[in-house]
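Peer 1: Letter by letter, the chains look like this.
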Amino acid sequence: GIQVEQSPPDLILQEGANSTLRCNFSDSVNNLQWFHQNPWGQLINLFYIPSGTKQNGRLSATTVATERYSLLYISSSQTTDSGVYFCAGRDSNYQLIWGAGTKLIIKP
Amino acid sequence: NAGVTQTPKFRVLKTGQSMTLLCAQDMNHEYMYWYRQDPGMGLRLIHYSVGEGTTAKGEVPDGYNVSRLKKQNFLLGLESAAPSQTSVYFCASSSRRDFATNEKLFFGSGTQLSVL
Numbered sequence: 040g041i042q043v044e045q046s047p048p049d050l051i052l053q054e055g056a057n058s059t060l061r062c063n064f065s066d067s068v069n070n071l072q073w074f075h076q077n078p079w080g081q082l083i084n085l086f087y088i089p090s091g092t093k094q095n096g097r098l099s100a101t102t103v104a105t106e107r108y109s110l111l112y113i114s115s116s117q118t119t120d121s122g123v124y125f126c127a128g129r130d131s132n133y134q135l136i137w138g139a140g141t142k143l144i145i146k147p
Numbered sequence: 002n003a004g005v006t007q008t009p010k011f012r013v014l015k016t017g018q019s020m021t022l023l024c025a026q027d028m029n030h031e032y033m034y035w036y037r038q039d040p041g042m043g044l045r046l047i048h049y050s051v052g053e054g055t056t057a058k059g060e061v062p063d064g065y066n067v068s069r070l071k072k073q074n075f076l077l078g079l080e081s082a083a084p085s086q087t088s089v090y091f092c093a094s095s096s097r098r099d100f101a102t103n104e105k106l107f108f109g110s111g112t113q114l115s116v117l
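Sequences listed follow chains A and B, in order.
Whatever position you read off the first sequence (first residue = 1), add 39 for the numbering used here.
Whatever position you read off the second sequence (first residue = 1), add 1 for the numbering used here.
Calculated from the structure, these hints are not laboratory results.
All the pointers check out, no bait thrown in.
Computed far set for chain A versus chain B, every beta-carbon distance over 12 Å: (1) Gly-40; (2) Leu-50; (3) Leu-52; (4) Gly-55; (5) Asn-57; (6) Thr-92; (7) Gln-94; (8) Ala-104; (9) Tyr-112; (10) Ser-115; (11) Gln-117; (12) Ile-144; (13) Ile-145.
Where chain A lies over chain B, by a calculated footprint (3+ residues, C-beta under 8 Å): (14) 37-45; (15) 105-113.
All C-beta atoms, glycine included, are put in the ideal place defined by N, C-alpha and C.
All chains, please: the whole structure from these sequences, using the hints.
Peer 2: Have a look at this one:
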């Protein structure tokens, strides 16, 4: 079955709106991380969030490991937030298993 | 600070041709990875290396070979390119395989490969 599943697949918002992206992960995956891929393809780490909550500016992430899900919150969206957001988790071979991503478009 | 550098950025091959993608990192990282990204999908691990002279297969290794002769370089080779290998290839490096200490994964800017 699908080990890492993200929703929604696409999200279009106006600048200034808030958004919540979800990542469900199976029992075979742990140590969740969130990544952002900008429209030019560059990938960066956002959060390493195996459990609990972390915040970095307008972004925050929460993982409830016992219920096998993680949420990424983006507040007061800006056009620079556009791109694809991926979650990924480690399998038993220490390899990252990636979700298919949520494509976020922020309109000015 | 260059970080992770991939060359080339774009390449078009004909079916059956061979090529090598180069990844170089200047952060003295032990671990290096090659991923491919297909439309609408997350990254999938092709091969990885946990140190100089070592390589290991990832999730989708067939049709690719790799070498890590120097710690700072990780090469990905396609011996006989096929249209199914059309993809965007990303190299990454990290200082630890276990992310328990929040070490980051650093990515190159990607190589767009088209096989006709």
